[in-house]
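Enquirer: Sequence:
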Amino acid sequence: MTILLKNKHTLQVDEFYFKCCIGKNGVTRRKKEGDYKTPLGTFKIEKLFFRKDRIKKPKTFLETIEIKTNMGWCNDISYPKKYNRLIKINNKIKHEKLRRNDDKYDLFIPISYNRKNPKVGLGSCIFIHLTKNFKPTAGCVALKKKDFLIMLKLIRKNTKIKIS
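Heads up: the sequence shown is residues 0 to 163, going by numbering that gives the first Met the number 0.
No lab work stands behind these hints: they were computed from the structure.
There may be inaccurate statements among the hints.
[Unchecked claim] With a Cα cut of at most 27 Å, we get these calculated DSSO-like pairs of lysine-lysine:
#  : residue 1 : residue 2
1  : K23       : K159
2  : K131      : K23
3  : K115      : K131
4  : K134      : K103
5  : K118      : K58
6  : K7        : K156
7  : K56       : K152
8  : K55       : K118
9  : K156      : K43
10 : K96       : K55
11 : K46       : K23
12 : K43       : K131
13 : K56       : K118
14 : K51       : K159
15 : K56       : K91
16 : K143      : K58
17 : K118      : K143
18 : K80       : K152
19 : K31       : K145
20 : K159      : K80
21 : K91       : K131
[Claimed, not checked] Across the chosen pairs, the derived CB separations fall in these ranges:
#  : residue 1 : residue 2 : range
22 : I92       : T9        : 19 to 29 Å
23 : G120      : E14       : 30 to 40 Å
24 : K7        : K87       : 17 to 27 Å
25 : T63       : K159      : 13 to 23 Å
26 : R155      : K18       : 22 to 32 Å
27 : N90       : Y16       : 38 to 48 Å
28 : L153      : I64       : 14 to 24 Å
29 : D52       : R28       : 16 to 26 Å
Cβ coordinates follow ideal geometry from the N, Cα and C atoms, glycine included.
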């Protein structure tokens, strides 16, 4: 199965069409760290991360990981070996905090953009995550919680996302 980003406001999963939002500056083939653009292409999706303290483990065929307080995602171009990877939070390394005060990352799935042998500066932390208000993202794809939960029941480990 392939999830299709039909346009900047529509994500198609099987026969379902969900309202979504993407990067503030649209889509690009030349993604750069901090450009607020969503990368174009077809990518694998990864495991589901979830906040056990806020949501019960969702029904899904994906492998799940409980988000802990010390988890971050490295977006620091000064640390090439850790760049665009899950890390244990270290105040010396710039990172996206995964256990947030808002609910944006209560559920999220990393998109395998720039993940295998990541190239520093080409973008990191590209996720499918939650939104309440459909404000543009920093480069991710975001859905309402109820739609995200429906999507989780449909997708599989080998599902891809096509952003065009």
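Enquirer: With reference to the structure, classify each hint as holding or not holding.
Expert: So, going through the hints one by one against the coordinates:
no., hint, verdict
1, K23 - K159, "holds, 23 Å"
2, K131 - K23, "holds, 16 Å"
3, K115 - K131, "violated, 31 Å"
4, K134 - K103, "holds, 12 Å"
5, K118 - K58, "violated, 34 Å"
6, K7 - K156, "holds, 24 Å"
7, K56 - K152, "holds, 12 Å"
8, K55 - K118, "violated, 35 Å"
9, K156 - K43, "holds, 9 Å"
10, K96 - K55, "holds, 21 Å"
11, K46 - K23, "holds, 25 Å"
12, K43 - K131, "holds, 25 Å"
13, K56 - K118, "violated, 33 Å"
14, K51 - K159, "holds, 25 Å"
15, K56 - K91, "violated, 32 Å"
16, K143 - K58, "holds, 17 Å"
17, K118 - K143, "violated, 31 Å"
18, K80 - K152, "violated, 34 Å"
19, K31 - K145, "violated, 31 Å"
20, K159 - K80, "holds, 26 Å"
21, K91 - K131, "violated, 31 Å"
22, I92 - T9: 19 to 29 Å, "violated, 36 Å"
23, G120 - E14: 30 to 40 Å, "holds, 39 Å"
24, K7 - K87: 17 to 27 Å, "violated, 34 Å"
25, T63 - K159: 13 to 23 Å, "holds, 19 Å"
26, R155 - K18: 22 to 32 Å, "holds, 23 Å"
27, N90 - Y16: 38 to 48 Å, "holds, 42 Å"
28, L153 - I64: 14 to 24 Å, "holds, 20 Å"
29, D52 - R28: 16 to 26 Å, "violated, 39 Å"
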